[in-house]
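Colleague: Protein sequence lines, in the order shown, are assigned to chains A and B.
When the letters of the first sequence are read in order and numbered with UniProt numbering, they come out as residues 1 to 294.
When the letters of the second sequence are read in order and numbered with UniProt numbering, they come out as residues 1 to 603.
Some clues are possibly wrong.
[Unchecked claim] Chain B is faced by these chain A residues, among others (derived, beta-carbon under 10 Å):
| no. | residue |
| --- | --- |
| 1 | L42 |
| 2 | G78 |
| 3 | I79 |
| 4 | R112 |
| 5 | H261 |
| 6 | P264 |
| 7 | V267 |
| 8 | V290 |
[To be verified] Okay, the calculated beta carbon distance ranges per label pair:
| no. | chain 1 | residue 1 | chain 2 | residue 2 | range |
| --- | --- | --- | --- | --- | --- |
| 9 | B | W509 | A | S215 | 55 to 65 Å |
| 10 | B | L55 | A | L118 | 42 to 52 Å |
| 11 | B | E95 | A | I79 | 49 to 59 Å |
| 12 | B | A525 | A | T285 | 38 to 48 Å |
| 13 | A | P4 | B | R581 | 50 to 60 Å |
| 14 | B | A525 | A | P4 | 55 to 65 Å |
| 15 | B | L493 | A | D219 | 41 to 51 Å |
| 16 | A | T285 | B | L493 | 52 to 62 Å |
| 17 | B | T590 | A | P4 | 31 to 41 Å |
| 18 | B | E580 | A | K185 | 18 to 28 Å |
| 19 | B | A120 | A | R206 | 51 to 61 Å |
| 20 | B | R107 | A | R229 | 26 to 36 Å |
| 21 | B | L502 | A | D219 | 24 to 34 Å |
| 22 | B | T590 | A | R206 | 35 to 45 Å |
It should be emphasised that the hints constitute simulated quantities derived from the structure, not laboratory data.
C-beta atoms are modelled at their ideal positions from N, C-alpha and C, and glycine is treated no differently.
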Amino acid sequence: MSSPRLQQLISAIGQVLLGKEQAVRLALACLLARGHLLIEDLPGMGKTTLAEALARAFGLEFKRVSFTSDLLPADLTGINVFDAGSARFHFQPGPLFSQVLLADEINRASPRTQSALLEAMAAGRVSVDGVSHPLPEPFLVIATQNGLDQVGTAPLPESQLDRFLMRLSLGYPDRRAELDLLSGKALPPASLEPLLDGAGLLELQRRAAAQHCSSALLDYVLDLAAFSRRADQAGTGLSPRACQGLVAAARAWSLLEGRDHVTPADVQAVLPAVAEHRLAGSAATLLAGVDGLR
Amino acid sequence: MSGSARWLQILGLGALAAGLAGLDFSAPLSWLSAGLLVLAGLKLAEARSLPERRLVSLLTLIGGGVQGAQQGELLPSLLQLLATALGLAGLLALEVGSGLSWRAVLRRSLAVLLAALPVALVLFLLVPRIEPIWQTPNLRGAGATAVTGLNSELDPGSISSLADNTGPAARVSFSSGTLPEPAERYWRVIVHEQFDGQRWKQRELPSNRLVTSTGTASDPESKASSQVWLVEPSPVNAMPWDGSGRANPNQLRVNRNGELQPLQASRERQAYLVRATGSPQPWQQRQPSPADLELPAGSNPQLEALGASWRDLATPEQRLAAAKQWFTQQDFRYSRTPGTQRGLDVFLFERREGFCGHYASAFTALMRAAGVPARVVSGYLGGTWVRPLSGAPYLDLRHSNAHAWSEVWLPGQGWQRIDPSAWATAPASQAEGSEAGGSTNPIGSWLQWLQWQWWGLDLAWSRWWLGFDQAGQEALLQRLFGDQRQWLGAVVLGAVAGLLALALAWLQWLQQPASRDQISRELQAVVKHLRRAGVEVEPGESFEQLCNRASRLLPASASNLQELARCHNLLRYAALGKQERLQQWAAWRTALRTINKATKSTL
Chain A
1 MSSPRLQQLI SAIGQVLLGK EQAVRLALAC LLARGHLLIE DLPGMGKTTL
51 AEALARAFGL EFKRVSFTSD LLPADLTGIN VFDAGSARFH FQPGPLFSQV
101 LLADEINRAS PRTQSALLEA MAAGRVSVDG VSHPLPEPFL VIATQNGLDQ
151 VGTAPLPESQ LDRFLMRLSL GYPDRRAELD LLSGKALPPA SLEPLLDGAG
201 LLELQRRAAA QHCSSALLDY VLDLAAFSRR ADQAGTGLSP RACQGLVAAA
251 RAWSLLEGRD HVTPADVQAV LPAVAEHRLA GSAATLLAGV DGLR
Chain B
1 MSGSARWLQI LGLGALAAGL AGLDFSAPLS WLSAGLLVLA GLKLAEARSL
51 PERRLVSLLT LIGGGVQGAQ QGELLPSLLQ LLATALGLAG LLALEVGSGL
101 SWRAVLRRSL AVLLAALPVA LVLFLLVPRI EPIWQTPNLR GAGATAVTGL
151 NSELDPGSIS SLADNTGPAA RVSFSSGTLP EPAERYWRVI VHEQFDGQRW
201 KQRELPSNRL VTSTGTASDP ESKASSQVWL VEPSPVNAMP WDGSGRANPN
251 QLRVNRNGEL QPLQASRERQ AYLVRATGSP QPWQQRQPSP ADLELPAGSN
301 PQLEALGASW RDLATPEQRL AAAKQWFTQQ DFRYSRTPGT QRGLDVFLFE
351 RREGFCGHYA SAFTALMRAA GVPARVVSGY LGGTWVRPLS GAPYLDLRHS
401 NAHAWSEVWL PGQGWQRIDP SAWATAPASQ AEGSEAGGST NPIGSWLQWL
451 QWQWWGLDLA WSRWWLGFDQ AGQEALLQRL FGDQRQWLGA VVLGAVAGLL
501 ALALAWLQWL QQPASRDQIS RELQAVVKHL RRAGVEVEPG ESFEQLCNRA
551 SRLLPASASN LQELARCHNL LRYAALGKQE RLQQWAAWRT ALRTINKATK
601 STL
């Protein structure tokens, strides 16, 4: 199967978030594919726990911001502060300048603040007062949000959603896992020892991007995209960025599976997480609509 | 617009330029070819936009066509084919952009050519040839350095030794595919009529004295035997033949002495077809002229005296017999190195040693002295019988096969061939002349072998296209249409339209399997078997999922189904080396066979 280090990561996070191995693997694949991750579920399902566990296990420097309705963009990006000693302004970086930004309850912030994240997520840099400041490498956003029917939330605009490679739902744990949780077998996220560092993650990301992707597989992805864009399908189709993300995620998934090449199974495994927040329909409709016998 | 298009066009022009090297620039069409090439080259250099680049390819194609109208021989034809394929490939590369590799483009252009082949064949067979366009081809020249063992002037006395020039002189293949009898392997080229006491000269016959070889045109219906000749460049204005038959009158005519002469003197390689005719040849029956008895008095007194002594014999046949008897009684030896001998008397009465030229000229002079019209003929004798791997067997004539003999006029029989060299002792290899190129050098013999193979192909090709000349086409049209010739145009148009439609359909069909690769064809076989076993494919299911599901339903085949899924994934999605790919294919086949057996037994 996959490399021992990846196995260690999965099992370490699994000790914190019980009974959610599939979600943990997808989250790993998302980060290995250099994608930003959105975890969406009801309160109390372990969203923040997963986010924090990921950040800690990767050994990355992370900052956590709880988004509220009065959070301003400058609270994220930082501001130019007047230094009386040198009689100059100098830039005071905000919490965005870290390797991992844990954006808790992202949909509670105002749209203005949400869009401040746009440039950071897409381009890896932040512009303050006309000066562009590069963000560190790697830079990942792990955001959590509540279901939209919760009180006091503003839905993320589609442009913002499209910048998240994956959206995960955790769902209720099974009975056995919940029993373990109640018995106190789950470790707190703070207890996780870092298993990787920034350089290690970059190396894994490089390996994921180098996974062999045959033209037959790309054909499959293109067929899926073409089907999603058909007139008889609800909503908009998959964007080219979504297709890029799908391939990148499938590559990372195949790395987790311990293979050196991508197969349709990898695409099918990551498709719900990659596609559903961009589509009106479900990934299952998409998969059933395309001849998958390949 | 890919860079490969440019390279393909450059290569196409290169092939065209190579074809240009063989053209005869006395023909106006050659200048057109050269002009097209220059034009295409300049256009290529300055072309920036797509239409301009298209023009380069179109010029290449037209250039190939113009060359094709001039040269039909094998090598030029191959070069034209190459230029056309490359030109087409360049055009394709321009149109489809960088989407295809140059190899794929080349393959597709060959497919286009293949599809056009039936149309070309119909046009070749059925469209009547118009004289000025369908010129009798003057083939490519191998340069002006013509070497030959033959000369229009024969002066054996001045030659001290014969050089062994084993350079190629000519090739001939026979429609029967069999070698003629040794006695029939005399290939006449030049008739030497004029004798000045020492030298024999070919008489320059004025061009109006050329006679077309009579009206006994070979019956096109009959499968008359024919010979295809390929003759290397030679300064001699006559071509070898066996003295009977008929060549294309637009290319070669037989003059009154029985020499096969080209209409236009050319220092190029010649290809021609001689069809056998049953009738006696007019040149053979032509009455001798006074020139055939000319003998400068006093130049060889002993010879004249000997010849005159036979004048008393009643018939030419008897004089001939007397001469033969005289030659065989004396101690004549055949030698390729006889040393210079001034005058025939020296040869006949002192040295008695010489090669074919000595014998032929001495015997002819003796006959003239005896009052029998006679002349010297030079040409080739024998040759090497080559059986190439491909193509028909043929006779390879070298310059060392050059020979000289005599012809005497016998009343009632016409001109008869007499070879006095045969009367000398030790006729040596020259008389048989069967083994040429006995090279001990292994590389030399290899080259020799390769050359023989190439010539075999060359001759087969020449036989094919030379054989279908105007007469052949006329015969075919007559057979197909009879007197209903007015339908010819409609039939040609219909055939071309139909074949073009077929070709387009075929090309369309060719393009399809791009997505249908081998493995997906094989998948269908597996799906069929599973369906028979009751497992249907669900929508959107991948092959791996199908196999997993099927292996739960058919536990007996589970391991093989898993194996199939594994091989399929590797073959289709992994980057495998050639060796690994073969291994996976083998594993796939094994698993598939086992499953087939299993499903058959369960049914």
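Colleague: It remains to establish, for every hint, whether it holds in the given structure.
Modeller: Against the structure, the hints:
no.: 1; hint: L42; verdict: violated (30 Å)
no.: 2; hint: G78; verdict: violated (45 Å)
no.: 3; hint: I79; verdict: violated (49 Å)
no.: 4; hint: R112; verdict: violated (41 Å)
no.: 5; hint: H261; verdict: holds (4 Å)
no.: 6; hint: P264; verdict: holds (4 Å)
no.: 7; hint: V267; verdict: holds (9 Å)
no.: 8; hint: V290; verdict: holds (6 Å)
no.: 9; hint: B:W509 x A:S215: 55 to 65 Å; verdict: violated (22 Å)
no.: 10; hint: B:L55 x A:L118: 42 to 52 Å; verdict: holds (50 Å)
no.: 11; hint: B:E95 x A:I79: 49 to 59 Å; verdict: holds (58 Å)
no.: 12; hint: B:A525 x A:T285: 38 to 48 Å; verdict: violated (30 Å)
no.: 13; hint: A:P4 x B:R581: 50 to 60 Å; verdict: violated (30 Å)
no.: 14; hint: B:A525 x A:P4: 55 to 65 Å; verdict: violated (40 Å)
no.: 15; hint: B:L493 x A:D219: 41 to 51 Å; verdict: holds (43 Å)
no.: 16; hint: A:T285 x B:L493: 52 to 62 Å; verdict: holds (55 Å)
no.: 17; hint: B:T590 x A:P4: 31 to 41 Å; verdict: holds (33 Å)
no.: 18; hint: B:E580 x A:K185: 18 to 28 Å; verdict: violated (45 Å)
no.: 19; hint: B:A120 x A:R206: 51 to 61 Å; verdict: holds (56 Å)
no.: 20; hint: B:R107 x A:R229: 26 to 36 Å; verdict: holds (33 Å)
no.: 21; hint: B:L502 x A:D219: 24 to 34 Å; verdict: holds (31 Å)
no.: 22; hint: B:T590 x A:R206: 35 to 45 Å; verdict: holds (38 Å)
Of the numbered hints stated above, those contradicted by the structure are hints 1, 2, 3, 4, 9, 12, 13, 14, 18, listed in ascending order.
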